[in-house]
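Novice: Fit chain F to the supplied structure of chain S, relying on the hints for placement.
Sequences listed follow chains S and F, in order.
Here our numbering is used: position 48 in the first sequence is 51, and no number is missing along the way.
Here our numbering is used: position 109 in the second sequence is 114, and no number is missing along the way.
I should point out that these hints are in silico values taken from the structure, not numbers from a laboratory.
Don't be surprised by glycine CBs; every beta carbon is placed ideally from N, CA and C.
Please note: incorrect hints may appear among the correct ones.
Claimed, not checked - Okay, the calculated bits of chain S under chain F, using three or more residues with CB under 8 Å as the criterion:
(1) 95-108
(2) 198-212
(3) 239-249
(4) 317-323
(5) 370-380
What the hints assert, rightly or not - Mimicking EDC-like on lysine to aspartate or glutamate, the simulated pairs with C-alpha atoms at most 16 Å apart in a straight line are:
(6) K463/F x D433/F
(7) K331/S x D433/F
(8) K480/F x D439/F
(9) K220/F x D189/F
(10) K478/F x D433/F
(11) K331/S x D148/F
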Amino acid sequence: MELYNCSLEELWQRLEKGEISALEVTRSVLGRITDVDGTIAAYLEIDEQGALAQAEAADERRRKGDEITPVTGIPLGLKDLLSTRGLKTTCASRMLADYRPEYDATVVARLREAGAVITGKLNMDEFAMGSSTENSFFKPTCNPWDLKRVSGGSSGGSTAAVAAATAIATLGSDTGGSIRQPASFCGVVGLKPTYGRVSRYGLVAFASSLDQIGPVTLTVADAALLLGVIAGHDERDSTSVDRPVPDYYSGLKNAIKGLKIGVPTEYFGVGLDPEVEAAVRLGCRQLETTGAQFKDVSLPHTDYAVATYYLLATAEASSNLARYDGVKYGFRADNADGLIDMYRKTRAQGFGDEVKRRIMLGTYALSAGYYDAYYRKAQQVRTLITRDFDKVFNGCDVLVAPVCPTPAFAFGEKVDDPLSMYLSDILTIPVNLAGLPALSVPCGFTEAGLPIGLQIIAKPFAEETLLQVAWHYEQLAGWSGQRPQLAGEAV
Amino acid sequence: MDYEIVIGLEVHCQLLTETKIFCGCSTHFGNPPNQNSCPVCTGMPGALPVLNRKVVDFAVRAGLATACQITPHSVFARKNYFYPDLPKGYQISQFELPICVGGYLDIEVEGENQRIGITRIHMEEDAGKLVHPEADHGVSYVDYNRACVPLIEIVSEPDMRSSAEAVAYLKALRDIVVYLEICDGNMEEGSFRCDANISLRRWGAPEFGIRSELKNMNSFRNVQRAIEYEVERQRDILDAGGRVVQETRLWNVDRGISMSMRGKEEAHDYRYFPDPDLLPVVVDEAWVESVQQNLPELPAAKRRRIVDDYAIPVADAEVLTADRAMADYFEAVVKHFAQPKAVANWIMAELMRFLNDDRISITQCLITPQGLAELLSLIEAGTISGKIGKQVFSQMYSAGNNDPGRLVEEQGLAQMSDVGELATLVDDVVEAHDGKVKEYQQGKVKLFGFFVGQVMKKTKGQANPQMVNRLLKEKIG
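Pulled out of the complex, with its shape left as it was, chain S reads as follows:
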């Protein structure tokens, strides 16, 4: 098997045994990028020189007997909203098209310290606003399973790269489903950790109270390995939580017998694609064979989640994106007549339509006279949604549900209908509002050959349990690790 097709876990073990070098792995992945990224368009920037140098450094580290981590010498890609020193960080926006940060995000610094190889920066919806990666200023990313379809969003570049084997694993960010939904569309594993588990320092903010960085990988074991490297307290992020990081990987195989699994009835409602429902129900039956007990549970405020989310997330975004004003860095419009006109033209030309739509929504929600009716009310509903989860978690350990009501949709299908695009996040948004950890693990394919994802949701900081359940499911179901057939590839 080509090295680029291997899981992180396998490469780690083979590197440990000295069978392969980081340079070989990196060359293999860089070759793969050259071969197929023209078709997939997952990358915005490929750092070939940097990657090769980091691979050599990783091999040197091993030769010298220095500390080795599971990601030492492993080629990883980063969503292009993670700040990388000297390497462009565009957020897929015209606004930051030429912006090169002077500092590394904490997760990037941790990966560098751990000896990872960074292949480059991955496409996304502009400023993480979108569910299809069609909102990228630069280009859309194709779904490796069907090039006419979207890879999902906003971390569509991160999930497409893993599916197309142009990175061994990647990091994405999830504000309302932006890791899980594209992971389900691309047939890979995507984990959104508990809010506060991973530092947000250097993650370009969309909605600060919801954003969380997480791993996108081929398998659950890979997600456990990568999460172990990036998780943990960071004094630069006041919202990161100071609690020990367990060894997620070694706990994976612990038996889950007697586990109580809840199935939220509201997540199987109108609009759920029958093929998706069938795959998820099958997944539940497979999990039952491990001795886990299933029961139906209710999350009564689910219907309000999308409205709540689009008030809170846009309110925060309207403020977070105020810094892009043409003064300090990034795009500045030409031919401005004075300061106000410079602001106006810069922001009119620098942001895409979806970003401007959300800035306007959020500005409105925070305006004098509307704050109580919108922002404050939404915060109250957020509390109710969180309490829904608290209640059901009194009686069960994890919840199982679909990730997205449908499989990957076609390009252009929803771009002119923002509301239907927003509604596709209905099953992932409540998790962000409640700050819970959740993941998407492959659970089959539609007849048309499109991947389907199973969502598992756990209690705050119960990533260990989450990963255990997902690992056992993966062993039983065997969907993970499958690769799409790309044009020009030998069958």
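Specialist: The following block gives chain F in isolation, referenced to the frame of chain S:
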């Protein structure tokens, strides 16, 4: 018509922390532009604020010193507006739940005590500074050294009824923050700045009138002038049957007038909301208690105590306590030389003059309290005259010499108090000027000083003046 003047003040104090409120950058003033900056205080994408606990400590100090309640869970909020000196497009401040609420400050104006309510004190970050060099036509620069420097804003109730009350409140507040060592109180440099809300209403009217907000007053004198100007301006409008417009006005120091900056329609909607990047600030009772216990004696209390303990005039106590270090110095001198009034006189007449001339503070003074006490003891004991004392003082001050006894000895400055020696000198002077003695004895009494001067001249000023006076009187009547 006669109106009641209603004034409320908003005071911004730049806090004397070593580092900024949300990052580790230095707050040192005067560094080259943008040297004190990092991704956080320049608003780089993805950078996050982390609260400097010292700022909370300072804000709690200010709150306790002004009888405020300390909010156990206070919240930082974003104040959203666009300006190039504001790197994030919002200022991190506090809105619904400020750190301190509901205090007061007692002031005295024309012998009457007034209690001015303090609505709230909140913490926030300062903005950067725009630079418009004349050489670069139309190009402006931004210096972010000041961005993210910690401030507290102290908001009063509309309790002041005259410009004199406003200035008294402002002075009392400045004394307090300087005593607390949380702010240097410098109005000219802007580390202690004040905005005034002013309105007029007919006597007895239940509602406040429409107010204007005055900005850009960088001295106590300008606060007074600007308020008086504004009161007259509003009075003229009201007398003419007009309506005051709610607006923000800028005081122009050079022209002595205020001008409209923006009206109510152009007022910003700041769209405050809790900053999701920061956790609520939790100040528990133990924290409040520890700050309380470490509070210094405040200016008003110190003034009262100094008047009571040392029996010196209120006016002297006010001068001595204007600066906490000066008050400490005074008390230290008195500890070694127990004549408070004499000590106060020397500090106010001599020491302060030297310090003012050199524009330095008492903390930089080279004369130790013990040194000054020793000098005063020498004068008291008659070893040197007051006049020689001033010479010695000057030497001590410039050289940092704190052994006046030795200075007097080395330079032979001790007073001549030997009766026999002085009597001989007096005889010599009288003999040498017999003509003038006659004139004196015929009634030209002013000449007495001339004889004293002659004796002093012969002794290079070291003769004991009282003894010379006595001996001369005995000799020539």
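Novice: Run every hint past the structure and note whether it holds.
Specialist: Verification of the hints:
Coverage of the segment 95-108 of chain S by chain F holds. Counting CB-CB distances below 8 Å, 6 residues qualify, and the rule asks for three or more. Counting residues of the segment 198-212 of chain S whose CB falls under 8 Å from any CB of chain F gives 9; the rule of at least 3 is met. Residue count for the segment 239-249 of chain S with a Cβ under 8 Å from a Cβ of chain F: 4. That meets the three needed, and the coverage hint holds. Against chain F, the segment 317-323 of chain S contributes 4 residues with a C-beta closer than 8 Å to a partner C-beta. That satisfies the three-residue criterion, and the hint holds.
With a threshold of 8 Å between beta carbons, the proposed coverage of the segment 370-380 of chain S by chain F holds, since 4 of its residues qualify and at least three are required. Note on K463/F and D433/F: the hinted pairing holds, with a Cα-Cα distance of about 10 Å set against a maximum of 16 Å. The straight-line distance between the Cα atoms of K331/S and D433/F is roughly 87 Å, outside the 16 Å bound, and the hint therefore fails. Distance check on the hinted pair: K480/F and D439/F sit about 12 Å apart at the alpha-carbon level, within 16 Å; holds.
Note on K220/F and D189/F: the hinted pairing is violated, with a Cα-Cα distance of about 20 Å set against a maximum of 16 Å. A distance of roughly 15 Å separates the Cα atoms of K478/F and D433/F; the hinted pair therefore holds under the 16 Å criterion. With a C-alpha separation of about 11 Å, the suggested pair K331/S and D148/F falls inside the 16 Å cut-off, and the hint holds.
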